[in-house]
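Residues per chain are reported as follows:
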Amino acid sequence: MSSATPEPRDQQVATAVKPRPDSVSPLFGSGRPRWGERLVEWLLFLAAFISVVVTMGIVAILLWESSTFFRSVPTLEFLTGRVWAPTFEPPHFGILPLLCGTVVTTGVALLVALPIGSIVAVYMSEYAPFAVREFLKPTLELLSAIPTVVYGYFALVYVGPTLQRLFADIPGANMLSAGMVMGLMIIPYISSLSEDAMRSVPMLLREGAYALGANRLITAFKVVYPAALSGIGSAYILGISRAIGETMIVAIAAGGQPNFTLDPRQPGLTITAYIVQVSMGDLPRGSVGYQSIFAAGLLLFVFTLGFNILGYLLRKRFRESY
Amino acid sequence: MASIPELIVRLKRQDRWFAVLGLACTLVGLVTLLILLAGLIRDGHHRLFDPAFYASFPSARAARAGILSPLVGSILLAFVTILLAVPLGVAAGVYLEEYAPRNIWTTLIEINIANLAGVPSIIFGLLALGALIYGLHLDRSLLVGGITLALLILPIVIVTTREALRAIPQGIREAAYALGATKWQVVRHHLIPYSLGGIATGTIIAMSRALGESAPLMTIGALTFITFLPPPPIRSQPPFVNFQWLNSEFTAMPIQMFNWISRPQAEFSALAATAGVVLILMTLSLNAVAIILRYRLRKRIKW
Amino acid sequence: MNEPGSTPWPKENVPRENVSPPPSSSTASAGSIGAGVDANCKLVVRDLSFFYGPKQALKQINLSIPQNTVTALIGPSGCGKTTLLRCLNRMHDLYPGNRYVGEIRMYPEGINIIGRDVDPMEMRLRVGMVFQKPNPFPKSIFENVAFGLRLAGLRSSTQIEERVEKSLRSAALWDEVKDRLKESAYALSGGQQQRLCIARALAPEPGVLLFDEPTSALDPASTARIEDLVYELKDRLTIVIVTHNMQQAARVSDQTCFFYHGELIEANATSEMFEHPRQELTSRYLTGQFG
Chain A
0 MSSATPEPRD QQVATAVKPR PDSVSPLFGS GRPRWGERLV EWLLFLAAFI SVVVTMGIVA
60 ILLWESSTFF RSVPTLEFLT GRVWAPTFEP PHFGILPLLC GTVVTTGVAL LVALPIGSIV
120 AVYMSEYAPF AVREFLKPTL ELLSAIPTVV YGYFALVYVG PTLQRLFADI PGANMLSAGM
180 VMGLMIIPYI SSLSEDAMRS VPMLLREGAY ALGANRLITA FKVVYPAALS GIGSAYILGI
240 SRAIGETMIV AIAAGGQPNF TLDPRQPGLT ITAYIVQVSM GDLPRGSVGY QSIFAAGLLL
300 FVFTLGFNIL GYLLRKRFRE SY
Chain B
0 MASIPELIVR LKRQDRWFAV LGLACTLVGL VTLLILLAGL IRDGHHRLFD PAFYASFPSA
60 RAARAGILSP LVGSILLAFV TILLAVPLGV AAGVYLEEYA PRNIWTTLIE INIANLAGVP
120 SIIFGLLALG ALIYGLHLDR SLLVGGITLA LLILPIVIVT TREALRAIPQ GIREAAYALG
180 ATKWQVVRHH LIPYSLGGIA TGTIIAMSRA LGESAPLMTI GALTFITFLP PPPIRSQPPF
240 VNFQWLNSEF TAMPIQMFNW ISRPQAEFSA LAATAGVVLI LMTLSLNAVA IILRYRLRKR
300 IKW
Chain C
0 MNEPGSTPWP KENVPRENVS PPPSSSTASA GSIGAGVDAN CKLVVRDLSF FYGPKQALKQ
60 INLSIPQNTV TALIGPSGCG KTTLLRCLNR MHDLYPGNRY VGEIRMYPEG INIIGRDVDP
120 MEMRLRVGMV FQKPNPFPKS IFENVAFGLR LAGLRSSTQI EERVEKSLRS AALWDEVKDR
180 LKESAYALSG GQQQRLCIAR ALAPEPGVLL FDEPTSALDP ASTARIEDLV YELKDRLTIV
240 IVTHNMQQAA RVSDQTCFFY HGELIEANAT SEMFEHPRQE LTSRYLTGQF G
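Those protein sequence lines, which keep their order, are chains A, B and C.
Taking numbering that gives the first Met the number 0, the leading residue of the first sequence gets 0, the next gets one more, and so forth.
Taking numbering that gives the first Met the number 0, the leading residue of the second sequence gets 0, the next gets one more, and so forth.
Taking numbering that gives the first Met the number 0, the leading residue of the third sequence gets 0, the next gets one more, and so forth.
Please keep in mind that the hints were generated in silico from the structure rather than gathered at the bench.
Keep in mind that this is a model prediction, so the values were computed, not measured.
Keep in mind that a hint or two might mislead.
Stated by the list, open to error - If you want a taste of the chain B side facing chain C, the calculated C-beta under 8 Å gives, among others:
hint, residue
1, A23
2, I171
3, A177
Stated by the list, open to error - Coverage of chain A stretches by chain B, computed from C-beta distances (three or more under 8 Å per stretch; other residues unrestricted):
hint, segment
4, 232 to 244
5, 271 to 278
What the hints assert, rightly or not - In silico contact screen, one side only, chain A against chain B (beta carbon under 10 Å); selected entries:
hint, residue
6, V102
7, L162
8, L297
Just so you know, even glycine gets a beta-carbon here, dropped at the ideal spot from N, CA and C.
Sequences are here, hints too, so could you generate the full structure?
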């Protein structure tokens, strides 16, 4: 019945035929070429490569268009000037007031969103019963589904006047109200991603803490939170990046005046809001002032790029650890 | 050191407090949102059920102004966006998940997509302004707006496609290969059909984002007074279709709302609120569809 | 797009390099049992080594698999039995970094199925596979079986229907599903799903059918049905089955090959091997002293 052979040295046929070089087959690309398959693969690759083209396009456009701007405005003056007045004669292009606007509104938003988002994440991941989580999580995510222009309306029409009643003599449009509403918007970015990170921490770690008699709170903050830290960090960074890049809320509700101040009760102008302002037609096309939106955009891109890459690396590290 | 029973009581009390705090924090966002929404409806309900509001063009006189052109603009814009972003995004997702070799180039493309997902939307507007309008001398048309928004949501479509593909067990792929299928046959007959639900969910979410997006459209200069509709896409004579609408100027719901917000008069603020309600209804209903779809998919598919 | 089977499969008489005749009894080793070695071998593995990247998983395997028999591959986990099985339909080609050295000839054509000139897709049309866990496609029962037929280029719907019925009958599933062919395959029980996967693999009428621990996810009753099926199917094709269950190997197979650390330690007629293992390692494994 059987022709199987126990050991190589026993088999004469086998030892007679030495493996020939051509029988060492590389696996990919073996067999006859299938041109249709190759073509499809190329097309799919091109689609993936378009994202790279887009990034290169962004960098190229921002550098190219802002180069005209930097020919008439020294880079040092741009980066260190404290007055932003593109329509003055002579115009001043000091970016610091716009940076102040961006930093203050982002800071206020984070003061709102980081604590609330983190507590929500811990609650959802460690406390909430299944049914509650199934309902609350998608509902909370709707917060980021509201168009930002609507949030801008909220900040301008409801939050600003309310703050005016709390603090005497502040303007109705101020960075505080824009920042607070922006914070509301980014809560789900922070809570959702942090929760995902905490939930992917292995049950075993939690069991270790529970076995020592810890309660949920201690387990959550001393075991799960540190274990998920890089994932949570990437969630925070995504939130920061969103806040820096958010445009409509601050364009509508932050006041629209460049202000070299860190006081959130003042009106302010962020980098993004400035770009919108110019697009609305305050400055003539082709003027130095108009080109300044590309310089401002370049700065914005560099900031968010830094945060995005940091967030990517943290996320990657987190994925690798679990 | 506290006695064991005391300790246990304390630990339990901590847990109860935190559960209350957590629920409160979760609700604080939602309740604030509900209050703001209620305010929006209060301010904007006057014209919400007025058919003339939906059938009139924006006007300098608040009483006669409507949202016909922005509504049509938003719908056409979403259509162009989806048509461009979904094929590209799905193709890119399939490549990265199923074809791409593990090497430095693939990693670079991945980092790049992760970065692109976090680039502020207004930067996409600057890209379109510099490349399409200055560079290629295109008009501020529906096509340019659609391309801009498509590039903006491309990363979302790619990421959801990859997640949907990753959810398909390797055994399904192996079973198809073991029957002699080529890679593209596996992708076309199995992977894409099985991931369609996930892709659709992600695409709907992306579409809702595109509908509410205004900053990049403002940058390409779409903030104009539009009191006409694009030429209809269907004609009575052959060849029956007409692509002139792609070159038409447009306005969109969020832009119109911004326009009304920025006017000082109270009547326009009320119009903005009404437009806001319509806009929210559009994006929230899309999100609701996505949530239901995701829920049903999770219940149905058990690999 | 490139339907498999569009190029002719090399025929027996096509002159090819390195075609050797099927081994006959004269070339069989002294080690194999005397009873007339079958002249029609289906598969002959010669000096096969396999590498996952730098890691060698199979070392110089030599083995002949006769036509219309059941060959069981046994051994402890990580011994290379599944690796060898997956060489037989080139599943390893799906993952980068894998490398074969040596040859596996399939007869009567005599081609080296791991040669670089052989298209893995065409080859897989001739070597079916059933997996460890039932993995039906999330399609209807009918579509699951029809998929391989369509890949093989069958277009006529009456022919497809006939072949689907025939395959379901061969897999002893027809009576249970004939009224619900349009239902999702996921509506079936685990054992039924596995028989559906067998029907799916049988539909293109492969010459060889590979089973990778096909009953490890099933209950004893379903296992018995699959084993019966394996026994019936060998009249029509050649079967190679990986199993971690020695009793299963004893029940269904004609010959058994014992692997350890990537080496083929012993191969023999099943009854012979279970009663009189020639190697010390084999007897220790069979008596449960390790593994």
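- Message: Of the numbered hints stated earlier in the document, which are not met by this structure?
- Response: Per hint list: 1, 6 and 7 violated.
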